[in-house]
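Quick note, the sequences are listed as chains A, B and C, same order. Number 172 in this note's numbering belongs to position 172 of the first sequence; there are no gaps in the numbering. Number 97 in this note's numbering belongs to position 97 of the second sequence; there are no gaps in the numbering. Number 1 in this note's numbering belongs to position 1 of the third sequence; there are no gaps in the numbering.
Hints are not guaranteed to be accurate.
[To be verified] Here are a few chain C residues that face chain A, going by a calculated C-beta distance under 10 Å:
#: 1; residue: Leu4
#: 2; residue: Leu8
#: 3; residue: Ile13
#: 4; residue: Leu14
#: 5; residue: Phe15
#: 6; residue: Gly18
#: 7; residue: Thr20
#: 8; residue: Ile29
#: 9; residue: Thr30
#: 10; residue: Leu37
#: 11; residue: Asn40
#: 12; residue: Phe64
#: 13; residue: Met66
#: 14; residue: Val75
#: 15; residue: Leu97
#: 16; residue: Leu98
[Stated by the list, open to error] Short, incomplete list of chain A residues facing chain C, as computed with Cβ under 8 Å:
#: 17; residue: Leu2
#: 18; residue: Val43
#: 19; residue: Tyr45
#: 20; residue: Tyr61
#: 21; residue: Trp91
#: 22; residue: Gly94
#: 23; residue: Ile95
#: 24; residue: Gly125
#: 25; residue: Leu133
#: 26; residue: His136
#: 27; residue: Ile147
I should point out that these hints are in silico values taken from the structure, not numbers from a laboratory. Fair warning: this is a prediction, and the values are worked out from it, not measured in the lab. Heads up, the beta-carbon is just placed ideally off N, CA and C, and yes, glycines get one too.
One letter stands for each residue in the lines below.
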Amino acid sequence: MLHMILFLAFAVLSVAGAVNLLIQRHPISSALSLVVVMGSLAVEYLLLGAEFVAAVQVIVYAGAIMVLFVFVIMLLNAGEEERTHGSRVAWLLGIPGVLALTVIICWALVEHSMAGVAAIGALPGPPADIAELLFHEFLLPFEVTSILVLIAIMGAVVLAARPESVEQTKKES
Amino acid sequence: MSILTFILVSVVKIALVLFVLLTAVAYTVWLERKVVGHMQNRWGPTRVGPFGLLQPAADGIKFLFKEDLTPPHVNRPLYIAAPIIAVIFALTSIAVIPFGNSVTIGRIQTPLQITDVNIGLLVVLGITSLGVYGVALSGWSSNNKYSLLGGLRASAQMVSYEIALGLSLIGVLILAGTFSLRGIVDAQAGHFVSGIAFLDHYVLRFVPRWFFFRGQFVAFFIYLTAAYAETNRIPFDLPEAETELVAGYHTEYSAMKFAMFFMAEYANMITVACLASLLFWGGWRGPLFGPEWFQEILPLLWFVLRVFVFIFVYIWVRGTLPRFRYDQLMAFGWKFLLPLAILNLVVTALVVALRA
Amino acid sequence: MVPLSYYLILSAILFACGVTGFLIKRNIITIFMSIELMLNGVNLSFVAFAVRWHNLSGQVFVFFVMVVAAAEAAVGLAIIIAVFRTRETLNIDQVNLLKL
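Just chain A, same shape as in the assembly (with noise of 0.2 Å):
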């Protein structure tokens, strides 16, 4: 019962903010709504016992990932969205194509995911466990991962880069 009303709780939260994304015209209002889906869902992990799951939403995706889209939103002082259409074909094709691709989905997920119930907790997933299987299973898809940041890092650094200053830097060294 009391899973229940939490989980639909922060289910109503995390569509709420996901639709404020969309209906919001300035960034900044889209950014906040959508540091409330990760924050709601972090206490839907929470409730399927995803403890580690959801510290590392909260810090990775709210804490992060989200300050630097505001911090990015906040350095380039991006206005309200200008209200043009776009391209007409995203909008009579893509709009009912997402709807009815959501029914679909959910219609065969109701139907026939033979998915069962889940209590609180149900899967407690502690951080050593994890740990685990990251550093013995899955110990080469991380090292992979590592490489993919350290090009992102570099690539970051170089596509945010103002020319004059990399050949400013040329120069004097």
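Based on the hints, put chains B and C in the right spot on chain A.
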């Protein structure tokens, strides 16, 4: 323990901890003014009460009765929300911090902690990492270039130093093998033993197995430095550098809203000091002596003493060091603290792996 | 007790919201945020399926998604800054030339 007693005990504990925390925040402000005053050859507050001890109350009353100005050019909802966000996240992170062993009152035994979760350290890190929104949003919503610059600086600085801060804690986590703050303190029990009777009896008996003495001293200094940057304190208080940015992100705030930012900053300082003593200095561990009732409360006193020392160091640093330049701050964080933290992590991991 | 399919439906709705945002939004940053929303929806279904099959691998997978999302955010935001520097707009409709 029935569910009703559990809720009752929890509510009492939350109220008590919040009361103590807010009082501590108020008196940290008093302490800071007093200590910095004496360092600069002044007296600090003296007028209100003996030694100015009632100054926090006077400040509070003043904040309450001041006119709460809202400039016309601000983004109202976010302008109001920002200080609330800052203070809520600053206060909630205290929830998982243990202050001592359990106490028994009547038939109810309860740990001196609002709640013990097995990912306690991650919870503290997560909540404090959300605190940056308060600062960033206040800077943006004020619609003022000084505030915006302060907010930008704050968000970049806090995200950068969070990495060094997190990495410096991993050494401790490797040694302790748990995220639970109570577990980390328990892992620091006892004292060093070498097997040589003379050494054991005269020297090592007095050296406890705190993580600071178990090779984490580099990590401790990285943690302290990064924590100063996280809490926007001198020498890293660039988001509110008054000589450059008027008052940075809280330029447009007055009365209670300004007080909320103030409270958030000092509550964060206290949380950081608590974490430093829990993770590196053995938490509430210390020699126990005296009568039995005294031994019961002595751990709490040891813990408070450590926190007090760290807050004093905060103020001492404020009275001593000048402010960094912003590019120096970024270079220091990324080019010095981060590599050092990684080095500390690698060395700790190697030592633990070789011993195993 | 909550049926696991509820979690899956929630994740499908979030994913659909992300796709919709990707299609109708014109601000490049908001479009990027819609992608993050889609990733979040997928993460929820990973955790739900981890419970379904009693296998922690689903939770481990969420970490990989998060790492990729973080890398993507870093590079993507850098691209957005670079685009804004040359075009001085964030409207995706006005970024329609390969070369200026």
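For each hint, the structure was consulted:
A least Cβ separation of about 4 Å between Leu4(C) and chain A falls short of the 10 Å threshold, and the interface hint therefore holds. About 4 Å separates the beta-carbon of Leu8(C) from the nearest beta-carbon of chain A, less than 10 Å, and the hint is met. Contact between Ile13(C) and chain A, as hinted, is supported at the beta carbon level, the nearest pair being about 6 Å apart and thus within 10 Å. A least Cβ separation of about 5 Å between Leu14(C) and chain A falls short of the 10 Å threshold, and the interface hint therefore holds.
The interface hint given for Phe15(C) holds, since its Cβ lies 8 Å from the closest Cβ of chain A, which is under the 10 Å cut-off. Taken as an interface hint, Gly18(C) checks out: its beta carbon lies about 7 Å from the nearest beta carbon of chain A, inside 10 Å. For Thr20(C), the suggested interface contact is upheld, since its CB lies about 5 Å from the closest CB of chain A, less than 10 Å. About 5 Å separates the beta-carbon of Ile29(C) from the nearest beta-carbon of chain A, less than 10 Å, and the hint is met.
Look at Thr30(C): its Cβ gets to within about 5 Å of chain A, closer than 10 Å, so that hint holds up. With a least beta-carbon distance of about 6 Å to chain A, the hint placing Leu37(C) at the interface is held under the 10 Å criterion. Checking Asn40(C) against chain A: minimum C-beta separation of about 6 Å stays under 10 Å; hint holds. A hinted interface residue such as Phe64(C) counts as satisfied when its beta carbon comes closer than 10 Å to some beta carbon of chain A; here the least separation is about 6 Å, so the hint holds.
Using the Cβ-Cβ criterion of 10 Å, the hint placing Met66(C) at the interface with chain A is satisfied: the shortest such distance is roughly 5 Å. Taking 10 Å as the C-beta cut-off, the interface hint given for Val75(C) holds, the closest approach to chain A being about 5 Å. Taken as an interface hint, Leu97(C) does not check out: its beta carbon lies about 16 Å from the nearest beta carbon of chain A, beyond 10 Å. The closest approach between the C-beta of Leu98(C) and any C-beta of chain A is roughly 17 Å, which is over the 10 Å cut-off, so the hint fails.
Below 8 Å, beta-carbon pairs count as interface contacts, and Leu2(A) has none with chain C, the closest being about 10 Å; its hint is therefore violated. Given the 8 Å rule on beta carbons, the hint for Val43(A) is violated: about 11 Å separates it from the nearest Cβ of chain C. Among the interface hints, the one on Tyr45(A) holds; its C-beta lies about 6 Å from the nearest C-beta in chain C, closer than the 8 Å criterion. Taken as an interface hint, Tyr61(A) checks out: its beta carbon lies about 7 Å from the nearest beta carbon of chain C, inside 8 Å.
At about 7 Å, the closest approach between the beta carbon of Trp91(A) and any beta carbon in chain C falls short of 8 Å, and the interface hint on this residue holds. The interface hint given for Gly94(A) is met, as the beta carbon of that residue sits about 4 Å from the closest beta carbon of chain C, less than 8 Å. About 7 Å separates the beta-carbon of Ile95(A) from the nearest beta-carbon of chain C, less than 8 Å, and the hint is met. Given the 8 Å rule on beta carbons, the hint for Gly125(A) holds: about 5 Å separates it from the nearest Cβ of chain C.
Below 8 Å, beta-carbon pairs count as interface contacts, and Leu133(A) has one with chain C at about 5 Å; its hint therefore holds. Using the Cβ-Cβ criterion of 8 Å, the hint placing His136(A) at the interface with chain C is not satisfied: the shortest such distance is roughly 11 Å. Interface hint status for Ile147(A): violated, as the beta-carbon distance to the closest one in chain C is roughly 10 Å, over 8 Å.
In the structure shown, a violation is registered for the earlier hints numbered 15, 16, 17, 18, 26, 27, in ascending order.
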